[in-house]
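A.B. asks: So the sequence lines, in the order shown, correspond to chains A and B. Using this note's numbering, the first residue of the first sequence is number 629, and each one after it goes up by one. Using this note's numbering, the first residue of the second sequence is number 629, and each one after it goes up by one.
If you're looking for bench data, these hints aren't it; they were derived computationally from the structure.
Copies of the same chain are indistinguishable here, so a pair counts whether it falls within one copy or spans any two.
Under the rule of at most 30 Å between Cα atoms (straight-line distance), these lysine-lysine pairs were calculated in the DSSO-like manner:
1. 639 with 923
2. 875 with 941
3. 942 with 639
4. 921 with 829
5. 941 with 923
6. 941 with 650
Protein chains: 2
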Amino acid sequence: MNEFELIDTIKQQTYRQTSLIKGVGDDAAVFRSDGYDVVTAVDTFVENVHFSKKTMDEVDTGYRVLAVNISDIAAMGASPKFYLVSIVIPPQLSDKQVQDIFKGMKEIASVYKMDLIGGDTVSGDSLMISVTVIGYVHRDKVRYRHDAMENDLVFVTGTVGDASCGLHILLNALDVDNSDYFIARHRRPRPRVAFANDLQKISRLALNDISDGLANELHEIAEASNVTIQIDDNLIPISHAMHVFTKEEQDNWKYFGGEDFELLGTVSEQNWAQVVDVANKHGLQVTKIGSVKPKSIAPVLLQQNNKNIPLEKKGFIHKK
Amino acid sequence: MNEFELIDTIKQQTYRQTSLIKGVGDDAAVFRSDGYDVVTAVDTFVENVHFSKKTMDEVDTGYRVLAVNISDIAAMGASPKFYLVSIVIPPQLSDKQVQDIFKGMKEIASVYKMDLIGGDTVSGDSLMISVTVIGYVHRDKVRYRHDAMENDLVFVTGTVGDASCGLHILLNALDVDNSDYFIARHRRPRPRVAFANDLQKISRLALNDISDGLANELHEIAEASNVTIQIDDNLIPISHAMHVFTKEEQDNWKYFGGEDFELLGTVSEQNWAQVVDVANKHGLQVTKIGSVKPKSIAPVLLQQNNKNIPLEKKGFIHKK
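All chains should be built: construct the whole structure from the sequences, respecting the hints.
C.D. replies: If you want it as structure tokens, here you go:
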């Protein structure tokens, strides 16, 4: 297949979004947006840096690349609508493999009725996929990380550390209980779009998705909001099945692992019940892990064994 | 410098666009758009495929990467407003070199008051830059390639083939008159934003930018509009200084060279004078090169030596 034939097999045949005026097929895509703010983010994945054939196939890779971007849009409280894909194709990658990457993206795009509206396919030495996602949000309901306030509760959805645990299992070919669960959490993260969207009744909410590790995201909210966040080590939700690993491994994954694409947020006490209701509606666990304090000695304090110790932004993850 | 420090030196310190609500510094950027259509395009450049150290430095590379994207927005009749950059940084690239790439982008961004609102910097084996550009256009003034109609004039701005000629000069280290001109046309293309924007009084216009060669762009308009375009070989505007090269080289560059980022358009006879006026206002040459005919034996016919021959979409460019 030449480049144009390949693109024909990749591009969407019909579009889902009514605000789309022109998708693929001109110099640029065109869409309309009245009464909404437009939200956009980009993420780039390089083979053997962000993913590898050893741990996932092409369909999973495509799925994950787009999921990660959708998670950024969810963390803004927005609904994902469109995406554009740039892909660098190395000579050894077959047309089928390229199509499988797009198959994975289309799979998760269809969940959110998203449209592929543009992109670029070029040749190069190594596989690289860059995705730009565009979403809409009611203009007074954008969820910034600078909106945390003193006395807010700090919460997290789902469990953290699973994706890192899954990658560890894959890289070391371990045979442990619930391997499939952890591996799926690594390969097929589910961005929390519906949950974030359904929090719209709440007027103020700080929100981040957990892409770079819980510790990093806590720092980002604390620094942007000019507060200190105090969390309790005993409250951090991890999967029960993770207990077969050492305490050091668990701590490492839950604080610094990231890539679970759960949401971390802060909300006033009085809105907490609403957050729980929305989570319940979506069958999603939501856990209070701490609270927001006046700015003190460190952006993030960890309560562990009755002591408050500063939690660093980045820990060290031993990849064996 | 670590990744975060590097990003701090790269990101814009102040923003220019009043419609921007949030730039870099959260999960995604946010902007507002009332009464306009939003136009978006992405282009990706890989070192040693789309550019090389042999022919341009980092500042030029950054400039050119963004210029090319702006050209797509211009070809839609839109004004470029925002851009997002993904960059894969190989180990041998210094912080200074990365900053120089962004310096080049900022240089052309400042011409159009564009804001850098997001991006991703990741490590990898080879340098890759992917840029997403977002622009606005009055909703009934989007310039599609499917809007050519029978009896339209076909026009082109500036001269074509210069950028390919410049690349040829660089790759072969030639010493010819006006080398600097041709080289600048390769390294520093000027997208025709002001010209395209000022054509807004004209109700209908088909427009493409010449990125892949005149022949290819003619095909795209003819096919999208379901017509045949007839052009006259004698009318194609090339730089006088190109006459030191062989006829074969000239033909090759003017029809298949591309990357001049001039605009190709079709417009009704009655609006032609307005197109000329706008071009004059911007000190830009505009040339009538042919006309739009009912669909016949080929999408594009070339009048050469009193014969009409089909012009292929892609020719062959010998890169010596």
